[in-house]
Amino acid sequence: MPDILDPISVDPALLQRIDMLNRQYGHTIDEDLLEEWPKFFIEEARYMITTQQNYQANMPVGLILCENRGMMEDRVSALRIANLYEPHGYRHLIDLPIVISKSEQEIMAQTSFACFRTVQGSAPEIFCTGKYLDRIVDDGQFLQFKERVVVCDSERIDTLIVIPL
Amino acid sequence: MPDILDPISVDPALLQRIDMLNRQYGHTIDEDLLEEWPKFFIEEARYMITTQQNYQANMPVGLILCENRGMMEDRVSALRIANLYEPHGYRHLIDLPIVISKSEQEIMAQTSFACFRTVQGSAPEIFCTGKYLDRIVDDGQFLQFKERVVVCDSERIDTLIVIPL
Amino acid sequence: MPDILDPISVDPALLQRIDMLNRQYGHTIDEDLLEEWPKFFIEEARYMITTQQNYQANMPVGLILCENRGMMEDRVSALRIANLYEPHGYRHLIDLPIVISKSEQEIMAQTSFACFRTVQGSAPEIFCTGKYLDRIVDDGQFLQFKERVVVCDSERIDTLIVIPL
Amino acid sequence: MSPLDFNLNDYSEIPYAVYSDEDLYKKEQAQVFQGRTWNFLALEIELPKPGDFKTMFVGDTPVIVIRDSNGNINAMVNRCAHRGNLVCIEDHGNVEHLTCVYHNWTYDLEGNLSSIAFEKGIQGEGGMAADFDKSCHALEKLSVETHCGLVFGSFSENMPSLIEYFGPEMCRNIERLLGRKIELLGRFQHGLDGNWKLYMENVRDTYHASLLHSFMTTFRLNRLSMKGAVEVSEGGLHHLTYSIRTQDNDQGQYNAREIRASKDDYTLNSPELLESWPEFECGTTLAIQSLFPNFSIQQLSNVLTLRLIVPKGPHKSELTWWVLGAAEDTPEQRAMRIRQSNLIGPGGYIAMEDGAVVGWVQRGVKGAEKKKSVLAMGGRDIERKSNSRCNELAVRGFWQGWHNLLEG
Amino acid sequence: MSPLDFNLNDYSEIPYAVYSDEDLYKKEQAQVFQGRTWNFLALEIELPKPGDFKTMFVGDTPVIVIRDSNGNINAMVNRCAHRGNLVCIEDHGNVEHLTCVYHNWTYDLEGNLSSIAFEKGIQGEGGMAADFDKSCHALEKLSVETHCGLVFGSFSENMPSLIEYFGPEMCRNIERLLGRKIELLGRFQHGLDGNWKLYMENVRDTYHASLLHSFMTTFRLNRLSMKGAVEVSEGGLHHLTYSIRTQDNDQGQYNAREIRASKDDYTLNSPELLESWPEFECGTTLAIQSLFPNFSIQQLSNVLTLRLIVPKGPHKSELTWWVLGAAEDTPEQRAMRIRQSNLIGPGGYIAMEDGAVVGWVQRGVKGAEKKKSVLAMGGRDIERKSNSRCNELAVRGFWQGWHNLLEG
Amino acid sequence: MSPLDFNLNDYSEIPYAVYSDEDLYKKEQAQVFQGRTWNFLALEIELPKPGDFKTMFVGDTPVIVIRDSNGNINAMVNRCAHRGNLVCIEDHGNVEHLTCVYHNWTYDLEGNLSSIAFEKGIQGEGGMAADFDKSCHALEKLSVETHCGLVFGSFSENMPSLIEYFGPEMCRNIERLLGRKIELLGRFQHGLDGNWKLYMENVRDTYHASLLHSFMTTFRLNRLSMKGAVEVSEGGLHHLTYSIRTQDNDQGQYNAREIRASKDDYTLNSPELLESWPEFECGTTLAIQSLFPNFSIQQLSNVLTLRLIVPKGPHKSELTWWVLGAAEDTPEQRAMRIRQSNLIGPGGYIAMEDGAVVGWVQRGVKGAEKKKSVLAMGGRDIERKSNSRCNELAVRGFWQGWHNLLEG
Ligand code: FES
Ligand code: FES
Ligand code: FES
Ligand SMILES: [Fe+3]
Ligand SMILES: [Fe+3]
Ligand SMILES: [Fe+3]
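Chains A, B, C, D, E and F, in that order, give the protein sequences. Residue 68 is where the first sequence starts when you use my numbering, and the numbers rise one by one after that. Residue 68 is where the second sequence starts when you use my numbering, and the numbers rise one by one after that. Residue 68 is where the third sequence starts when you use my numbering, and the numbers rise one by one after that. Residue 610 is where the fourth sequence starts when you use my numbering, and the numbers rise one by one after that. Residue 610 is where the fifth sequence starts when you use my numbering, and the numbers rise one by one after that. Residue 610 is where the sixth sequence starts when you use my numbering, and the numbers rise one by one after that.
The shape of chain A in the complex, shown without the other chains (with noise of 0.2 Å):
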């Protein structure tokens, strides 16, 4: 039988509480609560923001790398202090979680998204599409990413991104 139709199986009540994270991720970054962005991370996470082709070619540079949460919180107050764009938001369509893999230490998931941008004055765009590959840890109470790898299918980026994926 194919294994295909029979992915990991995972407590199902373990998939709601990967999808609320996800839930609350994208709502945390279109309700523009950009502050609390870092806290969906642990101290030392790894978030990346890269492009399938340079995460095939295992390319170490991407579009946007914190190696902590510290910058992430610099992302955050570059962006609110330091840098210039012109005003616009988000809207995340988050697909549900596949797990990859569980173990003790972490859970490893993938889940595709969808993220338009609204550009003040314009009308919404694709602004990109991709998947989130994702490191999951859980202090029994709570998820937490160790590690968040967004791979944007496209190679491409439209003028610039400085609000987060």
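FYI, nobody ran anything at the bench for these hints, they're computed from the structure. Hints should not be assumed to be uniformly reliable.
[Said to hold, decoys possible] Facing chain D, a subset of chain F residues (Cβ under 8 Å, in silico):
{"#": "1", "residue": "SER621"}
{"#": "2", "residue": "TYR625"}
{"#": "3", "residue": "MET768"}
{"#": "4", "residue": "ILE772"}
{"#": "5", "residue": "ASN858"}
{"#": "6", "residue": "ARG869"}
{"#": "7", "residue": "LYS872"}
{"#": "8", "residue": "TYR875"}
{"#": "9", "residue": "VAL966"}
{"#": "10", "residue": "VAL974"}
{"#": "11", "residue": "GLY976"}
{"#": "12", "residue": "ALA977"}
{"#": "13", "residue": "VAL983"}
{"#": "14", "residue": "MET986"}
{"#": "15", "residue": "GLY988"}
{"#": "16", "residue": "ASN996"}
[As the list claims (entries may be wrong)] Quick list of simulated restraints, FRET-style, between CB atoms:
{"#": "17", "chain 1": "E", "residue 1": "SER765", "chain 2": "F", "residue 2": "HIS701", "range": "28 to 36 Å"}
{"#": "18", "chain 1": "E", "residue 1": "ALA639", "chain 2": "F", "residue 2": "LYS729", "range": "41 to 49 Å"}
{"#": "19", "chain 1": "B", "residue 1": "GLU110", "chain 2": "A", "residue 2": "SER168", "range": "45 to 53 Å"}
{"#": "20", "chain 1": "F", "residue 1": "ALA739", "chain 2": "E", "residue 2": "GLN856", "range": "39 to 47 Å"}
{"#": "21", "chain 1": "E", "residue 1": "ASP700", "chain 2": "D", "residue 2": "GLY680", "range": "55 to 63 Å"}
{"#": "22", "chain 1": "E", "residue 1": "ASP700", "chain 2": "B", "residue 2": "GLU110", "range": "38 to 46 Å"}
{"#": "23", "chain 1": "D", "residue 1": "GLN856", "chain 2": "F", "residue 2": "ASP632", "range": "55 to 63 Å"}
{"#": "24", "chain 1": "A", "residue 1": "SER168", "chain 2": "F", "residue 2": "ASP677", "range": "26 to 34 Å"}
{"#": "25", "chain 1": "D", "residue 1": "PRO657", "chain 2": "F", "residue 2": "ALA865", "range": "55 to 63 Å"}
{"#": "26", "chain 1": "F", "residue 1": "GLU699", "chain 2": "D", "residue 2": "ALA747", "range": "49 to 57 Å"}
The structure displayed is predicted, hence computed values, not measured ones. Built from N, CA and C at the ideal position, the CB exists for glycine as well.
Given chain A's structure and the hints, the job is docking chains B, C, D, E and F with the ligands onto it.
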């Protein structure tokens, strides 16, 4: 610990009922069963479509306003009988709900959505992305909207909006 | 009371299994695991891609028609060996299913989807939006499609369609 | 055939090329929008405090409208005098001075260049060329005048005053509707797939309203059998039409069998949508006014709206709607305005067809670049006033005004 | 170099600018699509009943095709004689008369203006100008002729009859395929990122089929070693090519090492896809016919298709596919046609490459506006017939026909 | 005013039409990109093995860059000599020969036409015209030269060598940065909503960096008060600017009250982002170099990047970024480069504003087709070198080089 990771805890069964409500809601519109659409609302419900800009500025006028179910039925009958427009249909992708608050009287939920429009003879296009801000009542058996405010991310509408979102 | 609010009641576990089936289905295509794709179908399954216009007019010819799993395997081998096209990939966003009917023999379900296409070197674009009309069989252990009819909202396809939807 | 090949002696036939010709589009920007016209810029109440600004477009040129510390409203092109960067990125906000982000050139709220980063260089090296005179490098300024809280600007100097430009008949209606403390109830953008002039024709087209808009006809919000009139100002530039619902001399002209738009069978479950109160002594229940080139003021029952249609190339345009109320409104009156606003905008029971028809005509005239439309309803002349609205008088007037400017 | 700088004495070199030049595109609309050509409009069976209409495009001009109460099929431009609005908004339907929604002008099913709303005004005021003559304001009409259930229209008057225009060889194939009761099995639209002429070249290109389409070559649906021929009609306008699969004089020309498209290794798990029956006495298993300017009829085994390629500007076009069956088909035959339809359309095992290559050439010739393609396969002349299909005869013919019309 | 109406004696005023004029765009393709320039094509390390190829654009013409069996890198237009199809569909790969999928014409890795399918026809019929000479139908070839692993190509023959074209000063910097074994750390595309020349102006604009980029100024990565210089090569074509962070003669010029970009209040939680090591003896911490027409090499601390800006019509362009490391890097050094790469690219703390400002200027100059920008910072002349970077010297140089080519 960041409470952003700890959304108000909701009985999964309720979450699923709300989700099913949104599912049926989108299905009803996309399948052009519009005469059924008002039934998702209680008699004295409020339905409003507005833009993020008007919403944030507390502007009372949006794109469409129904102050009771009768006004919703009028929207549907006008669309069938009175108004002129090119044949077109929607395809809703509705995210899973986030429950903002829950009381005896009502559940407040927020849900992201994207609505694609296909005009006769044309390719599908993004018509609108945004969020539903809902006040939902539960008579024990059924969930219905007491209020649904559709907040569009963009302040710009292309050509016209006649089918409810 | 409007039965629109009262979809045929389905055991949540089944709903989740169907959802997981769709999730794996989209994952398999988007990750280019196309050799696995036919395994989502039973041997004598029917797979068809058509347009809303042809579907409503009961036209027997659509865009792609496979009358058994072998014809699906041929679609995959042709795409690998015979056909020429520019490198591109999909990103599916698949809504949650609505169960239309359920019997001993099969489950009929309908699911909305959007499929984004990223052609090498280009930005992501909407390739197709539409609905899956499924007849699903449950051997107790696994769910598989006895029939999947992909109904595209638009009657227009851009350039070509070689990867299944 | 040139896109400007009009009939010599009237404006009853319009070459379709005026909606699509690229060169004409460029000429129109120079002669109409940057020419001898007053263009609507903003509502005064959009800029309550000193430093408040908004950005918008005159034709397709980006413009800043801003209130200075003296409370005056100024307008200047949103283009840095240095190398052309947009000086204001946000579409509205409040600033102390205007600073271009590219090289930090700074302008006062009148648009004068007040400082240049490193004007004298650094450590005695670099700095602006000796012959460079800051006073010659202000932002490009528009003349600005306001009337009844409406702010207008012009790229031309020594324009006639707004009052003269509009003329007494037009001013009377502006004052009737806006000569009081108003408030903003909502604003939105509306994208149209057609040339801006198709929309202005529609606004000035007293012939179409009761024929295109079933809702309007069926609920007798406007019929040509009602008492009313259409006025066109000198040279055709502006127009005003109005009608009085309560005086309908209906003699069955709106026979449902002949007029698609009358629907005997159609009624509302919630007629409160149309609840209104007699807001004006004159009894006017519908008034539509266009102020050349691309601005319109409308009263429909108690919904007061402003519309500005901005070109986005020959084939596209963007419409901004402002929905207004009066400060003096009672809660009930305010509620009625809000409810009636279902009639207007991209989702309006009445207005939605106007958005659609602009796109349909644009598509209809494809391949007709050498053909003409005909505007012969109500004759071919352009009288200054008619008590009948069963004509295309105001549309012919639009073309007269437009053509004179273009050739002028 | 002008986009029309062809070799004087033949059509074996084509300036690439013909695929992108804007002015040429406009000229082409006038001289080719609105010129002395018969353009495919519809299948008769798409309009079975009086009042049935569909809308489509001749070139980029919107057209209505409609069956009147006498059962005749008429065609007229989908542009109101008043102010250019689309008269039909739906892409198909059934009506008693044609009413423009904008001002309710009404036309009969022949396109004659039958009534004007408020023609005489209201209460004696307004109404159409005295000199306005309804009979001079019909919808712009096309001449219409039908043959074997195919409806064609022309903007030109006194065109030769369809039969003369196509000529006997072309008619013979039309009759062979469609001279019986047919039914519609499916229809879809196909967007292409290239100039419409690139697609017509492809249709007429007997050289490419077995080289581009692996599926075709591998399963010996068409090889140049098979018995067949290509015919070009007088002046190059139309073409027909056919082959007989069962008579293949293969001498190893399709050596898999040299011809990318032959795949020795490739087989089908479900060969029933290709099951067919000998439908025609002549034994023809592949026939491709193009009827100038932009229509094609194709028989591939038992799949019968019609294709119309419509320009959407110089760089884009849109293709409509009709898939046909015969009323007399047995259920088995019908099933085979349906199964074989996997070969055609945007998802067709064979057709998909034709859609892609149009876009690739359009991108390839970017920056080559001053260069030319070469069509020297099979010499440089344009014979009326060749028993070899290893040539570009029919493509040269296309350019001859196109060029004569453009200059004509 | 023609888009080429420059001041006679200097390049301190630039007509805004250069960013939008359609005819100029066409002329630019011929005179600049297909003219007497060396255009960046690839990094040698992108094509390590014989048969490795990539596709890209010179101007808007599609080009193939490929390594042949002798290890030489060749470049040819990606346009089949037969009928213009793209010869390479994939954007990179490895091939033994170049085969066009349309009709199987095959070229060797130097672009010579080696075989034509059915050149002699089939069974003695068809085949290429007798007068057709394969040797005259190669792919259009570019001259190719490489320096320090950078591959350049030109449509012109007998160009000066790369070394001469760049000149010694420019070569010195290329060698400093790339004269060692390098490796590719990442590559991405970046879409910009503006004319390509706006981006090249930005690259050459030593005046803007510390004023536009808060991050750069706040963390003293680059200030005009630092020791540095700008050099412009003969005729203005190329430029180089550099600065040394450790030698800042700051005298309060960057007063946070006057310079928007200095943010006293702003600090990093994770300053390791900026950790760097002194990679170069010269002490240079920032070097930006542009090689005419559209290529740039940049060292920012330890981030080494290449940028190529390709036009996509007058109003759009596409930027490719290559991020480089050195084979000799220690793991710590590599980690620093990777961390510092947060400064560049579409998401770069510093680079993101450059992408945005290109679009803002393009929008700002709408409606200014008859106006000019002013480049008078640091005078109006074009010296070959200045120890101050507080000027627009290198931008004026760009226009000199561009204008001479266009008129040349
Ligand atoms: S462009 Fe505004 S300061 Fe330079
Ligand atoms: S445009 Fe058709 S009736 Fe006026
Ligand atoms: S176009 Fe390349 S072989 Fe014909
Ligand atoms: Fe109207
Ligand atoms: Fe083909
Ligand atoms: Fe910069």
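For each hint, the structure was consulted:
no.: 1; hint: SER621; verdict: holds, 7 Å
no.: 2; hint: TYR625; verdict: holds, 6 Å
no.: 3; hint: MET768; verdict: violated, 32 Å
no.: 4; hint: ILE772; verdict: violated, 31 Å
no.: 5; hint: ASN858; verdict: holds, 6 Å
no.: 6; hint: ARG869; verdict: holds, 6 Å
no.: 7; hint: LYS872; verdict: violated, 14 Å
no.: 8; hint: TYR875; verdict: violated, 16 Å
no.: 9; hint: VAL966; verdict: holds, 6 Å
no.: 10; hint: VAL974; verdict: holds, 4 Å
no.: 11; hint: GLY976; verdict: holds, 3 Å
no.: 12; hint: ALA977; verdict: holds, 6 Å
no.: 13; hint: VAL983; verdict: holds, 6 Å
no.: 14; hint: MET986; verdict: holds, 6 Å
no.: 15; hint: GLY988; verdict: holds, 5 Å
no.: 16; hint: ASN996; verdict: holds, 7 Å
no.: 17; hint: SER765/E / HIS701/F: 28 to 36 Å; verdict: violated, 51 Å
no.: 18; hint: ALA639/E / LYS729/F: 41 to 49 Å; verdict: holds, 43 Å
no.: 19; hint: GLU110/B / SER168/A: 45 to 53 Å; verdict: holds, 51 Å
no.: 20; hint: ALA739/F / GLN856/E: 39 to 47 Å; verdict: violated, 29 Å
no.: 21; hint: ASP700/E / GLY680/D: 55 to 63 Å; verdict: holds, 56 Å
no.: 22; hint: ASP700/E / GLU110/B: 38 to 46 Å; verdict: holds, 39 Å
no.: 23; hint: GLN856/D / ASP632/F: 55 to 63 Å; verdict: holds, 59 Å
no.: 24; hint: SER168/A / ASP677/F: 26 to 34 Å; verdict: violated, 45 Å
no.: 25; hint: PRO657/D / ALA865/F: 55 to 63 Å; verdict: violated, 30 Å
no.: 26; hint: GLU699/F / ALA747/D: 49 to 57 Å; verdict: holds, 54 Å
The earlier numbered hints that this structure contradicts are 3, 4, 7, 8, 17, 20, 24, 25.
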